[in-house]
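*Asks:* One-letter residues, chain by chain:
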Amino acid sequence: ELKVEQNPLFLSMQEGKNYTIYCNYSTTSDRLYWYRQDPGKSLESLFVLLSNGAVKQEGRLMASLDTKARLSTLHITAAVHDLSATYFCAPRQTGTASKLTFGTGTRLQVTL
Amino acid sequence: DTGVSQNPRHKITKRGQNVTFRCDPISEHNRLYWYRQTLGQGPEFLTYFQNEAQLEKSRLLSDRFSAERPKGSFSTLEIQRTEQGDSAMYLCASSLTSGLLSYNEQFFGPGTRLTVL
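First to last, the sequence lines map onto chains A and B. Reading the first sequence from the start, the letters are residues 1 to 112 in our numbering. Reading the second sequence from the start, the letters are residues 1 to 117 in our numbering.
So that you can see chain A by itself, here it is in the shape it has in the complex (with noise of 0.2 Å):
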């Protein structure tokens, strides 16, 4: 059964800091999707990583995948307040049609 990791659970910088969000996957993985819900709203997709070594930038998100390693980070670069939300990350279990399984969650708070 696939488990996965997100570290931290929470996050709390200030605006114009950069830091990186852990996701870690205990078997293997074909494709690794990440989505943002803001509090009492859905999910909404921010990227899907296809192959080791993709990596996808928007604006100040970038995301990356090794799935050798069978980890992806999420990079905030100059965080800003808009950022603030809960960050998921969601691979996907090689041989599996569609499901996808969450992690925990990273929550991510940014200060002025």
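Be aware that a few hints might be false.
Pairwise CB distance ranges, derived in the manner of DEER restraints [as the list claims (entries may be wrong)]:
| # | chain 1 | residue 1 | chain 2 | residue 2 | range |
| --- | --- | --- | --- | --- | --- |
| 1 | A | N7 | B | A53 | 35 to 43 Å |
| 2 | B | E105 | A | A69 | 22 to 30 Å |
| 3 | A | G53 | B | Q54 | 29 to 37 Å |
| 4 | B | K71 | A | G16 | 47 to 55 Å |
| 5 | A | H81 | B | L117 | 35 to 43 Å |
Hint data in this document are derived by calculation from the structure and do not stem from the laboratory. All C-beta atoms, glycine included, are put in the ideal place defined by N, C-alpha and C.
Following the hints, position chain B against chain A.
*Replies:* Just chain B now, with coordinates in the frame of chain A:
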């Protein structure tokens, strides 16, 4: 609005009652998923459909839960004899799968928040 829609958005019920939720996926999306999310946790997979066929069910989906997608479009999730432990956000997602190179990216609806008293 062409996103995934869910109804109702909120449902409060008494223990032992039956409830039914509806999900309308993005049109032309052939896959539809149900997840459950409790406070402070990530979503947990419940079940998914490809067109009208239910292809996988989680062990979380007890006999009291049933899902249908009769015409391959909208789906319903019914919970019979609700228990307080069923209180959660029920999320629906849809995706388009069209070959090996498909991203199969799942787009989520706003969710139905269930409170069982």
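*Asks:* Next, verify each hint and record whether it holds.
*Replies:* Verification of the supplied hints:
1. For the pair A/N7 and B/A53, the beta carbons lie near 38 Å from each other, so the given range of 35 to 43 Å is met.
2. Hint check: B/E105 to A/A69, Cβ distance near 24 Å, so the stated range 22 to 30 Å holds.
3. The supplied range of 29 to 37 Å is met by A/G53 and B/Q54, whose beta-carbon atoms lie about 36 Å from each other.
4. For the pair B/K71 and A/G16, the supplied restraint of 47 to 55 Å holds, since their beta-carbon distance comes to about 52 Å.
5. The given range of 35 to 43 Å is respected by A/H81 and B/L117, whose C-beta atoms sit roughly 37 Å from each other.
Every hint, counting from the list given before, is met by this structure.
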